[in-house]
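**Student:** These protein sequences, in sequence, are chains A and B.
Sequential numbering of the first sequence, starting at 1, is according to our numbering.
Sequential numbering of the second sequence, starting at 1001, is according to our numbering.
If you are wondering where the hints come from, they were derived from the structure by calculation, not from laboratory data.
Treat the hints with caution; some may be incorrect.
Claimed, not checked - Here are the simulated DSBU-like cross-link-like pairs (lysine-lysine), alpha carbons at most 30 Å apart as the crow flies: (1) K1434/B with K1446/B; (2) K345/A with K1080/B; (3) K94/A with K1130/B; (4) K1130/B with K356/A; (5) K349/A with K1434/B.
Here is what each chain is made of, one letter per residue.
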Amino acid sequence: MQLFMRTAHELHDLMMKKEISAEELSKAVFDRIESAEDKIGAFITRTTENAFKRARAVDRQIQSGEKIVPLAGIPLAIKDNICTSGILTTAGSKILSNFVPPYSATVVERFDAAGAAMVGKTNLDEFAMGSSTENSAFFVTRNPWNTSKVPGGSSGGSAAAVAAGEAVCALGSDTGGSIRQPASFCGVVGMKPTYGAVSRYGLIAYASSLDQIGPLARDVTDCALMMNVICGHDQLDSTSAQYQAQDYTGFLRDDVRGMRFGVPEEYMAEGIDPAVRAVIIKAMERLESLGAIVEYTTLPHTEYALPTYYMIAPAEASSNLARYDGVRYGIRAEDAEDVIDMFMKTRSKGFGNEVKRRIMLGTYALSAGYYDAYYLKALKVRTLIKEDFDRAFEKYDLLLSPVSPTTAFRIGEKTDDPLQMYLSDVCTISVNLAGIPGISIPCGFVDGMPVGLQLMGRHFDEGTLLRAAYTFEQNTDYHKHYPEL
Amino acid sequence: MPQYETVIGLEVHIELKTRSKIFCNSTTEFGGEPNTHVCPVCLGLPGVLPVVNKKVVEYAIRAALALNCEIAEFSKFDRKNYYYPDMPKNYQISQYDLPIAQHGCLEIDTENGPRKIGITRLHMEEDTGKLVHQGTITTTPFSLVDYNRAGVPLIEIVSEPDLRSPEEARQYIEKMRAIILYTGVSDCKMEEGSLRCDANISVRPMGMEGLGTKTEIKNLNSFKSLLKSLSYEVERQIETLEEGGRIIQETRTWDEAKGVTLSMRSKEQAHDYRYLPDPDLVPMEIDRNWVDDIRRSLPELPDERKERYVEEYGLPAYDAAILTNTKELADYFEVCVKAWPNPKAVSNWIMGDLTRLLNSSGQEITGCKIAPENLASLLRLIDKGTISGKIAKNVFEEMFTSGRDAESIVKEKGLLQISDESAIIAIVDEVLAKNPGPVDDFKAGKERALGFLVGQVMKASKGKANPEMVNKLLREKL
Ligand SMILES: [Zn+2]
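Chain A on its own, in the form it takes in the complex (with noise of 0.2 Å):
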C-alpha cells in the first residue's frame, strides 16, 4: 500500500523503526497533493514548506534516538475556519479571503506541539454553513469515490483530503453534523467531542453553543490519537471543560459483550434511503453477533431537532457574523459613502447567499416581538431534545443510527433547495443540541458510495464510544477501502 493511504500508528511505527523518514512521508502526501488536488480541490491553501520543517525536526528526533509521540512528523489538515497564525484562514469565506490571524487555535498549538505536520488549510462551507462545501466561495470540493459527488460538509475538504491520501488525518468542525457527515460520504472516520471537550479557542465561530472542533482519520485508532492532543480542558475558552484528559486508546478494545445499542426509530424511518438503511440493520446484526444487546427505542422529539437548530444557529451565528463589517480585518468596500454604506456594501460583497439567509434567519428570530415565539421556543425544545437522549441513555450505552439519509449526492443536486440541504443533516443534528458525542465510521456501500454509521454516547463518554467503534471496525473491512482516482 502507497504511504499516503496509510494510517497514522503504521507510519508512526514505519518512522521509528527507521523504514521511512518523515520528510519522505510528508513529499509522499505532497506528490499526492500534487497528483489528486485538481481533481479533488481539498485545499485553499497549501503550506508545504511549513510541513517539510515540521518533517524534518521530526527526523533529526529520530536519528539522535528521542521517542516521538504518535503523531509527530504525521501529515495533517486543517479546516480553514481554524486560525492559523501568520497563515491565511478564510472561512471559506471572501469577506476573510486576505485574512491572516496572529495566533492560532488551541487546537493547533496542541498539534504543533505535539510535532504534526500541517500541510495545508482545508476547504469548507463558508463559515461551516452547509452540509456539501458547495457554499464554499472560492471552489467547489469533489467527493474522491466520485468526483461529480460531493464530499458533504461543511468540512467537506477535511475529508476529502484524508480520503484521497492528500492528508493522513484532518481537523474540521461540526456544529450540525459538519465533521460526520463528510466523513460518512468519503468512507472515513469523524468524530464530534462532547460539547466542551476541546478548546474552541480559534475557531471561527458559527453558532457557538454547538461548535466543536473533531477529527477526521482513517481508523479509529487514529481518531482516537488525535483525541489525545486536543482534548482538555483550555483557559482560553469559558466553555472547555475541566476534566481530566486521558488516553483514549486505552478504550480501544475488541469487545461489545454485553453491551447496550438503542436504535431511535425515528432515525431509521421514512427519509431515510432504504438502501441506506438497509446497511445500518447489516451493521446493527454484526454488532449482535459480537455479543452486543441491539433495540429500537425512540426520541421522541426527534421531528423537532431541524427546527430548532435553524433557530439557535442562524440566531447566534447573526451576533457572530456581525464583526465581519470591513473596519478592521478582511475586504473593505471601497466605494462606500458613509460608515453604514460601509457595512452594508461590504458586508452584501463579502458573503455568500446561505450566509446571508441565516444572518437574516437570526436576526428574525432575537427581533423584539419575535424572541419569545422563536427563539426562547427552541431554547425550550433544545432541553427536551436533551432530555430525549438522557432518558434513552438510563437504559443504553450508546445509540445507533445513520449519519445521512442518503449517500454522497450529486454536486449540484440540492444547491438550489436549501430545505433538502438541511435535511441531509437530521440524523447528526440532535447530537449537537444535547451536546454529547458522536462518530461516524464506515460501515458500507451503497452503489460505490460509502456509508457511514453514528454511534452517539453519553457527555464525556467518548471512551464507550470508541470502543464500540474499535471493535466493528475490527470485525469488518470498510475502512480498508479507498477510492480510486
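For chain A, the structure is supplied; the task is to place chain B with the ligand on it using the hints.
**Tutor:** Below, chain B with the ligand alone, put in the same frame as chain A:
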C-alpha cells in the same frame, strides 16, 4: 397653571479600576498610543473567546453591596447587538435579564430631610473603543478608531425614577460617587469618563399617579452639565405642556455651548438590541461565602461613618457630613484626632484653613504636605498656650507650603508665646511709661483704654506675649 412635579431616573456608568480588561489580559491603563492596549480578544478578531475577569465580578459585587443591593445567586452575560465602528464585535457584552445585583438604594439629604433613592439594578459590561474624527462627525472624510478602551470593565447602575429635582439628581450622583470611592473599585473621574451619566426625565401635574412621557439625556459628563441640562429639560417640558404640546419620547443630547438639549433620535428609531445570552460565557453561580467575604472587606461607608462622628466625637451633623464625604479626608481627620483628641478643633481646622488652602492650590487631601500628625502637634501647641492662635495661622501656612512640622517652624522663627511673667512685666512697665494719657483715662473709669494698652503690649512683643497674662498683669499694675 398647574404645579408640576419632576421625575428623574439616572443611569450611571462607572469604570472599574481593575488592572486588566473584563474579558482579556490587556491593560486598562488610561492613555497610551492608539491601539496599543489591545489583543486579539478585545479587538474581536475571528475565533477569539472572552473569559471573564474574576476581579471585575468581585468589584461589581463590592460596589453593589455598598449600594445595599441584593447579589444574584445566578447571573449571566448577554450580547447587546448593534452596529457601530467603535465596537470590535458589533455587539457589546453586557447583562440583560439576570444582572449581578438588584434592589439597592442610597440616601440623599433633601430639604425635607433624608430620602432613600431606589436602585433598580447594577450590571457589568464592556466599554467600547473611541472614534477619532477629522473635524466633525458629519464633515470628516474618514474616521480613525482607537480600541484601547474597548473591553475596559464598566458597571451600569440604574436608579428608580425616585428623584424629584435636578438638585436631587446631583446629590444622588455625588453620594454615589462618594460611596464608590470608599469601596475603591473606581476613580469616578467624570472628566476622564470613568463616571458617566444618562438621565431619564419627565414631568407630571402634581398629584398625578402615573408617569409623564420621558426623554433621555445622554452623556452628561460633569456635575455642572447634569444640573444645567436637567433644569433646562424640566423647563422645556413644562413649557411644551403649557403651550398645549406633547412630549415626544426620544433621546436628547446636551449642547453645552448653547445650553440646550437637542433631539437625537425618537423612540421609533430606537435600536432593537436583539439581546441573546452570550454562548461563549458560562452562566455564573455566585458563591455566597465569596459574597460574605467581600461584604466583610468593605470599609465603613459614608453614612455609617457620619453617624459615628456625631455620636463618638460629638460633631455637628454638618461637620460630620463634610468630613466623611471622602474616605481620604475622613481618614485624615481620624489620624489627627487620635494624636490630639479635640475633635471639634481638628474639624474646624480641616474644614476651615486646610480646605481653603487645598482649594486655592487645587490640591487633593491625598497630596497634602501637612501630615495629619503634624496638624495635631500644631493644635497641641495652641491648646497648651505655646503659640497664639494668630501665630498658629501663619505657622500653618508655612507647614502647608514646606511640609515641615510645627515645632521646628516655631522654634526657628522664635514664635514661642511669652508666658514668662517677669518678661511680660518688663514690657508692661515700658508701655505704661510711654502712654500716660491712656493710663489716666483708664484710671478715670474708661474701660476701653485697657484694650489699647493690651494692643500696645502685644505689638511690642511682636504678638508673642500671652494675651491673658497681659490682661491680668496690666490690671494689677493699674
Ligand atoms: Zn485585550
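**Student:** Hint compliance check: list the failing hint numbers for this structure, sorted ascending.
**Tutor:** 5
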